[in-house]
Amino acid sequence: MTTTPHQRLRVADLSMGWAGPLVGAMLAEMGAEVVKVEDTRHFDWWRGSLSMGSPEEHPVERSAVFNSVNRGKLGVTLNLADPRGLAVLKRLAATADVLIENFSAGVMERLGLSYPVLSALNPRLVMLSMPSFGADGPERDARGYGNTVEAMAGVTGLTGYHDGGQPYTLSNALGDPVGGLNGAFAVMVGLHERERTGRGQWIELAQVEAAIPLMAEALLDYQLTGKIPPPRGNRHPRHAPHGIYRCAGENEWIALGVEDETQWRALLNALGLQNLAGDQRFSTAEARKRNEDALDEALSRAFASSEVEEIARRLVEAGVPAGQVNSAPSVMADAQIQARGYFVPVERAVVGTHLYPGAVARFSQTPLEADRPAPLLGEHNAAVLREILGMSDAEIEALERAGIIGTRPLG
Amino acid sequence: MCHSERSEESAEGGFCLHPASRGLLAGLRVTDEEAAQSQPQVARGCREPLTGETLGSQIRLGAGFFMRYNSLSDIRVVDLTHHIAGPYATRMLAEMGAEVIKVEPPWGEGARRRGPTRDGAGDTAGDRGGLFAFLNTNKLGVTLDLRHERAREMLLAMLDGADLLVENFAPGTLAKLTALSPAELLERFPKLSLVSISNFGQDGPDRDAPLNDLVLFARGGWTYPVGEPTREPLTPPGSLAQYVGGLYAAVAAMQALYARSFVLGCGQHVDVSLLEAAVATMIYETVTFQYTGVTRERTGKRYTIGPFLIVTLRCRDGYAGLHCVTDKQFESLSEMMGRPELVRDERFRTAYLRMVNSDALLAIVEPFFLAHDRAFLYREGRKRALPLVPIPSVAEVLEWEQLKARAYFETVCDPVLGEIKIPGAPLRLSSHCPEPTRPAPRLGEHNRAIFGERLGLDDAELSRLRQAGII
Chain W
0 MTTTPHQRLR
10 VADLSMGWAG
20 PLVGAMLAEM
30 GAEVVKVEDT
40 RHFDWWRGSL
50 SMGSPEEHPV
60 ERSAVFNSVN
70 RGKLGVTLNL
80 ADPRGLAVLK
90 RLAATADVLI
100 ENFSAGVMER
110 LGLSYPVLSA
120 LNPRLVMLSM
130 PSFGADGPER
140 DARGYGNTVE
150 AMAGVTGLTG
160 YHDGGQPYTL
170 SNALGDPVGG
180 LNGAFAVMVG
190 LHERERTGRG
200 QWIELAQVEA
210 AIPLMAEALL
220 DYQLTGKIPP
230 PRGNRHPRHA
240 PHGIYRCAGE
250 NEWIALGVED
260 ETQWRALLNA
270 LGLQNLAGDQ
280 RFSTAEARKR
290 NEDALDEALS
300 RAFASSEVEE
310 IARRLVEAGV
320 PAGQVNSAPS
330 VMADAQIQAR
340 GYFVPVERAV
350 VGTHLYPGAV
360 ARFSQTPLEA
370 DRPAPLLGEH
380 NAAVLREILG
390 MSDAEIEALE
400 RAGIIGTRPL
410 G
Chain Z
0 MCHSERSEES
10 AEGGFCLHPA
20 SRGLLAGLRV
30 TDEEAAQSQP
40 QVARGCREPL
50 TGETLGSQIR
60 LGAGFFMRYN
70 SLSDIRVVDL
80 THHIAGPYAT
90 RMLAEMGAEV
100 IKVEPPWGEG
110 ARRRGPTRDG
120 AGDTAGDRGG
130 LFAFLNTNKL
140 GVTLDLRHER
150 AREMLLAMLD
160 GADLLVENFA
170 PGTLAKLTAL
180 SPAELLERFP
190 KLSLVSISNF
200 GQDGPDRDAP
210 LNDLVLFARG
220 GWTYPVGEPT
230 REPLTPPGSL
240 AQYVGGLYAA
250 VAAMQALYAR
260 SFVLGCGQHV
270 DVSLLEAAVA
280 TMIYETVTFQ
290 YTGVTRERTG
300 KRYTIGPFLI
310 VTLRCRDGYA
320 GLHCVTDKQF
330 ESLSEMMGRP
340 ELVRDERFRT
350 AYLRMVNSDA
360 LLAIVEPFFL
370 AHDRAFLYRE
380 GRKRALPLVP
390 IPSVAEVLEW
400 EQLKARAYFE
410 TVCDPVLGEI
420 KIPGAPLRLS
430 SHCPEPTRPA
440 PRLGEHNRAI
450 FGERLGLDDA
460 ELSRLRQAGI
470 I
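Heads up: the protein sequence lines correspond to chains W and Z, in order. For the first sequence, counting from 1, position 120 maps to 119 in numbering that gives the first Met the number 0; every step adds exactly one. For the second sequence, counting from 1, position 12 maps to 11 in numbering that gives the first Met the number 0; every step adds exactly one.
Be careful, since some hints might not be right.
[Unchecked claim] Only part of the chain W face toward chain Z is listed, based on derived beta-carbon distances under 10 angstroms:
id, residue
1, 132
2, 169
3, 173
4, 230
5, 253
[Said to hold, decoys possible] Using C-beta positions, here's what the derived DEER-type ranges look like:
id, chain 1, residue 1, chain 2, residue 2, range
6, Z, 292, W, 161, 33 to 39 angstroms
7, Z, 338, W, 389, 51 to 57 angstroms
8, W, 162, Z, 264, 54 to 60 angstroms
9, W, 296, Z, 466, 35 to 41 angstroms
10, W, 194, Z, 334, 25 to 31 angstroms
11, W, 116, Z, 372, 39 to 45 angstroms
12, W, 161, Z, 207, 28 to 34 angstroms
13, Z, 349, W, 316, 30 to 36 angstroms
14, Z, 418, W, 195, 31 to 37 angstroms
15, W, 394, Z, 294, 45 to 51 angstroms
16, Z, 294, W, 344, 18 to 24 angstroms
Hints are computed from structural coordinates only; laboratory data are not their basis. Glycine included, every Cβ here is placed at the ideal spot set by N, Cα and C.
The shape of chain W in the complex, shown without the other chains (with noise of 0.2 angstroms):
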């Protein structure tokens, strides 16, 4: 999405993790012009979580979730612990259309951040805040990561295999890009309404609120009928077959779910299991729900020696739901996948060129640009402070000696 220099957002982004960062790549792509403020003292986190090596290695420079949500930001690294620091934040920030914080509630107002702060240097800066319980309340100071905040959803107690056992936590830390999605309809939100009143505002997203919506039919099912649904694993409550079954090889599984009787006979037919129309136990949909286990029995029978890419799509091209159970590789070899060119390759200091999910709303006239890289740390400190905030070299190099910015980890 091109925009005109003067009509190009420019967003502050304090944020660090998943979900606030992901609010600020989300604007990249449509083109903003996102600084990403951190300290070489306390630098995103999410940095360091998967790496670890020499300084020699750049470590901080090598996490591929730092650097697949942090795409086409500036790298700016400012120390907020001191004066001269926060000072210079104070000047992006009076410049900023938005700014975007994940803090624990209650640090931007010690850092004397707070809104009606930041509100009186620019009425017209939207800034969004993403506690993960909430700014009030009694567990406001709780520091919440993707998991606890599924977890506190609801999800992960639904989360577990239909004949019983332990709850399982999801694979991809479901509360944090949740969080980033409402955050940046929150950003557009507010945005949109700056356009009509000329003002900005404070918008607090609390993650596990954004998360519990997508529990809705559970909590609903609980309130109509009195019963606390029980995890169903991979059945349903009223269909069959409706699972997860093994076929040839090492690691290779189909899903599959079966939902009327045309499904029933096209899976027979596409397997050639026709005898099993036949058998009383299979006959009705009611029939096929009673005796799933045996159900099951049978159709892992007749997957075990199936190729699995093989099978799904004779059962697809039979007009049975059913996929393969991908894997991170598969994920990317996915035929769908590859035919829309949804991965994108972008080059990056320190690590190469990787694959990184491209953007995923298809604009026909304005596409959104995926393909940045994430900033270095501090990469940008030079150009940020001397071309938006139209600093000095003497100015920039004082800030250097004094250590309120630089591009070495510290601590």
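Given chain W's structure and the hints, the job is docking chain Z onto it.
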């Protein structure tokens, strides 16, 4: 108890910026008695301007509270979506004050027949189940059988002046129903943006393939790393990935409006694929895999990729989730267990060593958790800033003190289901005095208001259309 009285106090509050946004709805309340009767409980409005310092507490408005904002009150949305992803996207727009007109066939969209219901049966016999009631709040509802030429004309008349058309038909269906390609539609209505949500996107070899939640999670990569190493992969619950797709579409709708204002001057077509939205959240697998060459496999209770101890642990009265990554968190954990000497144990000295020796560590942690209940563990973890949560059931989520203190759940008096608690708006805006959430519309509830008042059809024509089964 459902109250139908309505307070107008909020309009007098100092900080309600756009009371005029009520225009159409206020009109509907007057002209449509039934709609007025189905108003949810309404309480007092905001009297004081909200300031940054008091946002959290000011939003809490006592016994009743408001959850719908009017930031998008100048936006008109024609909503041709059904099921979950599309209705969730337009629900977000409606929650922020957009006028969303949900267009259904005269027999109702499929999700009206989906539960949950009070009798526990899977499907509903009537107007709605719980999921529909949640996904369609704050929308206006009309019916049109788009197979009829007259219905097509009426749809096009509604698009005149609309900002967004959101649809999640199978690719190609909209063009058939309107007899206009997306490009022709946009040419005819230059202000309009068309947001198309589909299972796999508008092109590609699997464009028309069937899909359900189980398969979406599986192909999207969510399922493979979850569950026991010795068992089949475990799917996530419910329809989570569809909501993620809906969220991407809601953001895209706002981006299209932004592009219209500042870049293009006109609308455009946006293509959102549920599969790609699901894959977008999998950076821990897809990008990390390229950096490290390691594919994450199922590791049971442990969520392991890198130096994490993220684990679901059995306690005396259920399960708890522990997130112990940093040295400081490990110190807190050791102290909580009364084993402060563990931080000096060579096996656990760094996050990396704790990952390598996680079996030994779990052998110490598990018995401690098993001997205590969730409330104790949560309290003790909180004291030490250790991320440790009791894994709640949905019943416990509804009773969580934090959400009660923030008045998060909103009670809506649904015309069919009665009083239900639904998740409130995740966004709290400082500039606003929000309005009450309106329950999901009954089938064709606003036919008269929209077709009569907006499109100017008279009573005789409306009744002709009704008899012909067009509305």
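Hint-by-hint comparison with the structure:
Hint status for residue 132 of chain W: holds, given a least beta-carbon distance of 6 angstroms to chain Z, under 10 angstroms. Among the interface hints, the one on residue 169 of chain W holds; its C-beta lies about 5 angstroms from the nearest C-beta in chain Z, closer than the 10 angstroms criterion. A distance limit of 10 angstroms between C-beta atoms decides the matter here; for residue 173 of chain W the minimum to chain Z is near 7 angstroms, and the interface restraint holds. Taken as an interface hint, residue 230 of chain W checks out: its beta carbon lies about 7 angstroms from the nearest beta carbon of chain Z, inside 10 angstroms.
A distance limit of 10 angstroms between C-beta atoms decides the matter here; for residue 253 of chain W the minimum to chain Z is near 8 angstroms, and the interface restraint holds. The hinted window of 33 to 39 angstroms between residue 292 of chain Z and residue 161 of chain W holds, with their beta carbons roughly 34 angstroms apart. Taking the beta carbon of each, residue 338 of chain Z and residue 389 of chain W are about 55 angstroms apart, inside 51 to 57 angstroms as hinted. The hinted range of 54 to 60 angstroms is satisfied by residue 162 of chain W and residue 264 of chain Z, whose Cβ atoms lie roughly 58 angstroms apart.
Take residue 296 of chain W and residue 466 of chain Z: their Cβ atoms lie about 54 angstroms apart, and the range 35 to 41 angstroms is violated. Taking the beta carbon of each, residue 194 of chain W and residue 334 of chain Z are about 52 angstroms apart, not inside 25 to 31 angstroms as hinted. Take residue 116 of chain W and residue 372 of chain Z: their Cβ atoms lie about 43 angstroms apart, and the range 39 to 45 angstroms holds. Here the CB-CB span from residue 161 of chain W to residue 207 of chain Z is close to 31 angstroms, well matched to the stated 28 to 34 angstroms.
Remark: the range hint 30 to 36 angstroms for residue 349 of chain Z to residue 316 of chain W is contradicted by a beta-carbon distance near 52 angstroms. The given range of 31 to 37 angstroms is respected by residue 418 of chain Z and residue 195 of chain W, whose C-beta atoms sit roughly 35 angstroms from each other. Between residue 394 of chain W and residue 294 of chain Z the CB atoms are about 49 angstroms apart, so this pair conforms to the stated range of 45 to 51 angstroms. Between residue 294 of chain Z and residue 344 of chain W the Cβ separation comes to about 20 angstroms, which falls inside the hinted range of 18 to 24 angstroms.
The structure shown violates the earlier hints numbered 9, 10, 13.
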